[in-house]
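S.K.: Here is what each chain is made of, one letter per residue.
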Amino acid sequence: MLTHAEHTEYMYLRPTKKFPNVWCAGCGIGIVMGALIRAVDRIGLDKDDVALISGIGCTGRMPVYMDFNTMHTTHGRALAFATGLKIARPSLKVIVIMGDGDALAIGGNHFIHAARRNIGLTAIVVNNAIYGMTGGQYSPTTPIGAKAATAPYGNIEPPMPICELAKAAGASFVARSTVYHAIELDRFIEQAIRKNGFSLVEAVSYCPTTFGRLNKLGTTVDMMRQLKENSVTASAAEKLTPQEREMKIVRGVMHDIDKPEYTQLYQQLIQDVQAAEKAKTENS
Amino acid sequence: MTVRLMQGNEAVAWGAIAAGCRFFAGYPITPSTEIAEMLSRELPKVAGKFIQMEDEIGSLAACIGASVGGLKSCTATSGPGFSLMQEHIGYAAMTEVPVVIVNVQRLGPSTGQPTSASQGDVMQARWGTHGDHPIIALSPVSVSQSFDLTVKAFNFSEKYRTPVILLMDEVIGHMREKIELPDFDTVERVERIATDVPPEWYKPYGDSLSDVPPMANFGEGYRYHITGLFHDLLGYPTTRLDEIDPWIQRVHRKIERNLNDIILVDEDLSDSDRTVVVTFGASARSARHAVKLARQRRIKVGMVTLLTIWPFAEEVISRVARIARRIIVPEMNLGQLALEVERVAGRNKVVRVNRANGEMVTPQMVLEAIEGR
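Residue numbers (my numbering), protein chains in the order written: chain A, 1 to 284; chain B, 1 to 373.
All clues stand as given, with none of them false.
Cut-off 25 Å, straight-line C-alpha distance, at most; resulting in silico cross-link-like pairs (DMTMM-like, lysine to aspartate or glutamate):
#1 A:18 - A:46
#2 A:278 - B:42
#3 A:17 - B:232
#4 A:259 - A:49
Calculated from the structure, these hints are not laboratory results.
Please model the complete structure; the sequences and the hints are all you need to start from.
M.R.: Right under this line is the structure:
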């Protein structure tokens with residue numbers, strides 16, 4: 001049996017940071033953190049070469065525990081901070097971890113434009129369909145009819161499709177899994193980090209403290225079981241009718257293409273401009 | 001050195017490059033856009049990076065991210081954009097990340113009058129973001145000074161690890177004037193203090209003899225945490241009073257103990273001046289002319305031009321208040337700098353000369369105030 005210090009996860013946690021973490025017992029965010037660590041470990045990235053940037057909310061607290069270059073920014077703006085950092089230091093692997101309210105409500109515009117630029121960032125959205133830290137208000141991914149602290153009569157707004165949005169906006173890689181399918185999540189995050197371009201992984205999670213309780217979804221174990229039973233792989237989803245598919249969480253790589261990455265294009269621009277300038281001085 | 005005719009906004013762009021700025025993120029807004037346009041053209045030539053972001057909030061966020069990555073960074077905007085940037089001015093102050101924000105002031109509130117001049121953001125520059133925080137704001141009077149103060153803004157920002165606001169106004173930004181552009185290699189540049197301890201000993205917010213802790217850039221082997229939450233010496237969030245109190249004291253102390261370095265004023269005073277004009281930016285140009293006319297009429301009048309608006313030049317103003325009977329404060333707003341002058345000199349000495357309709361305070365308005373009409 002492995003001792004505490006021999007676990008892969010332990011190698012990537014900050015020795016100086018006092019635990020326990022801020023998350024509620026049973027929260028899915030820790031599973032995403034584990035998946036991220038395993039992905040980084042499998043790629044063999046040097047910790048010095050990884051930057052983990054977050055916004056505000058439950059998910060925003062993840063970077064502080066991790067032994068990378070970490071930045072806990074403002075609500076919704078993590079991708080904008082990450083954009084500046086990536087441009088300044090293209091050699092860094094910049095990973096941005098966000099919640100659904102963080103990435104898609106207050107940060108929706110940054111999300112669209114980071115994807116559009118195809119800048120080499122890996123965005124991970126932990127989607128628990130609720131604002132957990134503030135006490136369970138409805139988010140842009142809360143399902144219609146679900147109850148929330150600010151939707152006591154049931155939510156009437158349709159949820160935002162994260163993966164479809166990222167794909168339409170211009171992302172190179174888009175995948176979705178759940179915190180029940182932790183091994184699959186590792187693999188998707190690994191693929192996303194390896195991708196040269198903007199990559200997005202939606203990690204469907206749950207909130208046992210607010211969303212689960214308000215909607216009477218039972219215990220954490222029950223919610224885990226729901227993720228298992230309510231999700232299908234992308235290939236299995238193809239056999240379903242559109243109505244059936246709508247009720248399911250479709251897991252898999254939704255989109256994976258190769259196209260020019262922003263910081264590399266800018267580097268090329270600098271080289272071209274400098275060459276043209278040099279030619280101008282030599283001719284004059 | 002080359003002699004050129006250029007706008008204040010162009011001088012800001014050249015000043016940024018001379019100061020070593022290698023990253024700009026911004027969003028188009030009148031009357032600041034020339035700065036972005038010029039830097040989009042010039043930065044790649046010096047291997048610098050330019051990006052037009054989706055809004056001003058993202059612009060300042062990107063600048064802070066780039067600064068953490070090791071590049072001197074700036075953005076440029078005007079009133080409405082400056083309002084949006086307040087969130088990240090606070091973040092930069094809290095995380096002590098050097099960054100320069102150029103605000104070419106236009107008439108507000110709201111969309112106001114984009115092409116009209118104003119000095120209405122004096123108080124916003126100081127208190128626009130929530131909570132107590134240190135800030136430096138500089139305001140140039142001429143095109144040539146726009147260059148010099150831009151360099152200063154970067155130097156202060158790096159030296160004190162603080163956001164610095166360059167408070168331009170539409171008049172100075174768009175006015176064309178002669179400037180002697182120095183050879184950029186001769187310009188004095190200040191770099192952020194690098195740490196000299198090994199990574200395992202590095203405390204990003206502590207262990208420094210001065211009040212400004214050394215700053216490690218991301219990607220250079222010093223893995224640490226940055227947060228907008230109150231944090232301890234290692235950068236980790238804290239709710240402990242014995243960690244919050246020292247932090248808030250230190251970040252204010254780092255400015256207050258260096259006022260002699262930071263406060264820049266242009267004094268034209270004699271001990272017999274019973275009337276003194278205290279002003280800044282474009283209003284100083286009108287005031288300069290009014291003072292000249294008054295002196296031709298043998299009126300004893302002095303003038304103090306504040307180049308550093310924040311922190312406020314308390315010592316200078318209290319010295320002025322000891323000799324002067326009247327202090328005239330012309331400004332293109334309804335009395336913002338005057339509030340500070342009144343705080344230091346007393347209300348009964350201060351004569352306000354205000355205009356907040358998009359037009360400059362005229363020399364005539366200042367002259368009438370000097371003559372006590």
